[in-house]
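Protein chains in written order, with the working numbering: chain A, 20 to 370; chain B, 40 to 350.
These are computed hints drawn from the structure, not numbers from a lab.
We put the beta carbon where it would ideally sit given N, CA and C, even for glycine.
There could be a bad hint or two in this list.
To be verified - Below are the DSSO-like pairs computed for lysine-lysine, each with C-alpha atoms no more than 27 Å apart in a straight line:
#1 B:K261 to A:K145
#2 A:K139 to B:K261
#3 A:K106 to B:K261
#4 A:K169 to A:K149
#5 B:K261 to A:K149
#6 B:K304 to A:K142
#7 A:K110 to B:K261
#8 A:K222 to A:K110
As the list claims (entries may be wrong) - Here are some chain A residues pointing at chain B (derived, C-beta under 8 Å):
#9 M74
#10 L76
#11 Q105
#12 K106
#13 R108
#14 S113
#15 P136
#16 H140
As the list claims (entries may be wrong) - Which stretches of chain B does chain A cover? Using the computed rule of at least three CB atoms under 8 Å from a CB of chain A, they are:
#17 234-247
#18 250-263
#19 333-343
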Amino acid sequence: MEKILQVKDLELSFNTFGGEVKAIRGVNFDLYKGETLAIVGESGSGKSVTTKSIMRLLPEESAEFKNGEILFGGRDLTKLSDREMQKIRGKDISMIFQDPMTSLNPTMPIGRQITEPILKHQKISKDEAKKLAVDLLRLVGMPKPELRMKQYPHQFSGGQRQRIVIAIALACNPQVLIADEPTTALDVTIQAQILELMKDLQKKIDTSIIFITHDLGVVANVADRVAVMYGGKIVEIGTVDEIFYNPQHPYTWGLLSSMPSMDAEDAKLYAIPGTPPDLLDPPKGDAFALRSEYAMKIDMEQPPPFFKVSDTHMAATWLLHPEAPTVEPPEMVIERMKKFPGSRYYEGSAN
Amino acid sequence: MARYIGKRLIYMFITLALIATFTFFLMKILPGSPIASADKLSPEQRAVVEARYGLDQPLPVQYFDYMFGLLQGDLGISINQFKGADVTDVILSRMGPSAQIGFQGMLLGTVLGILFGMVAALRQNTWMDYGSTIVAIIGISIPSFVFASMLQYWLGLKLDLFPVALWKDGFMSSVLPSIALAMFPLATAARFIRTEMIEVLGSDYITLAKAKGASGSEIAFKHAFRNALIPLITVLGPMAVSILTGSLVVEQIFAIPGIGEQFVKSIMVSDFSIIMGTTIFFSVFLIVIILVVDILYGVIDPRIRLSGGKS
Chain A
20 MEKILQVKDL ELSFNTFGGE VKAIRGVNFD LYKGETLAIV GESGSGKSVT
70 TKSIMRLLPE ESAEFKNGEI LFGGRDLTKL SDREMQKIRG KDISMIFQDP
120 MTSLNPTMPI GRQITEPILK HQKISKDEAK KLAVDLLRLV GMPKPELRMK
170 QYPHQFSGGQ RQRIVIAIAL ACNPQVLIAD EPTTALDVTI QAQILELMKD
220 LQKKIDTSII FITHDLGVVA NVADRVAVMY GGKIVEIGTV DEIFYNPQHP
270 YTWGLLSSMP SMDAEDAKLY AIPGTPPDLL DPPKGDAFAL RSEYAMKIDM
320 EQPPPFFKVS DTHMAATWLL HPEAPTVEPP EMVIERMKKF PGSRYYEGSA
370 N
Chain B
40 MARYIGKRLI YMFITLALIA TFTFFLMKIL PGSPIASADK LSPEQRAVVE
90 ARYGLDQPLP VQYFDYMFGL LQGDLGISIN QFKGADVTDV ILSRMGPSAQ
140 IGFQGMLLGT VLGILFGMVA ALRQNTWMDY GSTIVAIIGI SIPSFVFASM
190 LQYWLGLKLD LFPVALWKDG FMSSVLPSIA LAMFPLATAA RFIRTEMIEV
240 LGSDYITLAK AKGASGSEIA FKHAFRNALI PLITVLGPMA VSILTGSLVV
290 EQIFAIPGIG EQFVKSIMVS DFSIIMGTTI FFSVFLIVII LVVDILYGVI
340 DPRIRLSGGK S
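Work out the full structure: start from the sequences and follow the hints.
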């Protein structure tokens, strides 16, 4: 498959008064044409920063690329000038944000907000741009789009506003769409509608999506592949089935165990103990070691390399080292692994 | 919208009546008499003069007489300064110079202030930001009479660019007082715009505008500026009133025959009807400006437009 975007050894720090915060500490992933890659992880894991650095939306005064490259269309985005980035943003790569209530300009009619990127990136007249904007509104399921072009954001509901933001993002048929928790601020029924819309539109315009979320239910619904981030690094990456049914990293185990499940027998919800690492002074070894009951001595001393589980599945944990002892994952994870052909707990097809 | 404005007009009327009443009684409590050199008059002469201006009537009668006149747009006649001249004429004849320097000062101050504030916000923590902050601090902390004197000395006397004082050379005479008046709105506008722009520039819709590929200047002017204007208008409205209606100090220093200067004189000689008239004139101006500001909010921010009235 064709690689649209490659992130290689990306390291990025924020220079703050307290010192250098190493927000991204060596991230590698590829984005293939037409796929949806979900990046999951808790707050502060670096998932938003990673995608914002692709768009170069981080404050230039404090955010600094330390190493690595972001390859897109044969160019390294980390090295482009701001002017060159402006030609890419909104045209080749666009973004949907978390809170639709605040991501539209309150004093500008939405029609103008949609035509803005069209007029910016395409050589067409204002009237044509307006027509295109009406079409886009219809595409994202807005009733009476002609009438609504002149209205202001406060005249729309949260779900409708997110549809408008999606229309803006899709205005120039981008090759990459970054969705930064696009459903987090919406209520559950609207969430489902927006997710359906995004899946539907992805088929129509054939774009690749990077979907950031901490909601694993959403991931299962939309993603083809999943990257799990922790402490500024990707700790495990694989297809959605591999991550959900054959997870290898103790952090992924923790995430899956803390997901509420319909058929859980006892109602108590698991929570990963402890707090995320301080990225002002990141731990030497595996960042998750301090919170993990599976941590070994080497986890405290050396960062684990990626171990290959399958052609599409990699995890950075010392547990996969040939000399590591075999450990039992949490019971809930074992239950999942029983359904996955190729895992050591596989019990054959269900029933 | 019409209904909203109608409602506001009724409130304005009530406000004015209250201001007129309050000022009227306040003036009556003050010591002093408008009848100049009252000591030299015999009691008989005094009674004649008082009768002429209705000052011999009991207070309630005087009050209702005045309020009734006010309803008909009659501000009364000057008691001692202009010997029976109509107060309305006195105010109007004095309004011209005040309005001119006030308008020029306001315009200069606001435009430069917005410019300084924008530059400061867009180039945060650079020498431009610090420079504009220093100008703002100077503008707010140096009293206008000090600044006016400095202008007179440097631009008027030393460089001989503009007349030092008096109202004789048309526009040239208005330059220095306008600059002196501009300092305060300039400083205020610069501070407000800077603070507000920085806040607006950090908001989500600015990030979205960036993500659309908008350039720095498009973001600043198309997206941020309008959203940063609201708090500025709130302070600039009332400030415009006080400046347009004449700054007492600046008019004194530049010897400009404006309304502020007239107001001070009238208080010194207890010319009741002029004090009343000027106060009411100022109040009307202020109340109208506040209404205009409220309507402007709606023009700038559509969210306010809808919540204001049911139209």
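Verification of the supplied hints:
no.: 1; hint: B:K261 to A:K145; result: holds, 17 Å
no.: 2; hint: A:K139 to B:K261; result: holds, 13 Å
no.: 3; hint: A:K106 to B:K261; result: holds, 18 Å
no.: 4; hint: A:K169 to A:K149; result: holds, 11 Å
no.: 5; hint: B:K261 to A:K149; result: holds, 18 Å
no.: 6; hint: B:K304 to A:K142; result: violated, 67 Å
no.: 7; hint: A:K110 to B:K261; result: holds, 19 Å
no.: 8; hint: A:K222 to A:K110; result: holds, 18 Å
no.: 9; hint: M74; result: holds, 6 Å
no.: 10; hint: L76; result: holds, 6 Å
no.: 11; hint: Q105; result: holds, 5 Å
no.: 12; hint: K106; result: holds, 7 Å
no.: 13; hint: R108; result: holds, 4 Å
no.: 14; hint: S113; result: holds, 6 Å
no.: 15; hint: P136; result: holds, 4 Å
no.: 16; hint: H140; result: holds, 6 Å
no.: 17; hint: 234-247; result: holds (count 5)
no.: 18; hint: 250-263; result: holds (count 8)
no.: 19; hint: 333-343; result: holds (count 4)
In summary, the structure is inconsistent with hint 6 from the numbered list given earlier, while agreeing with all the others.
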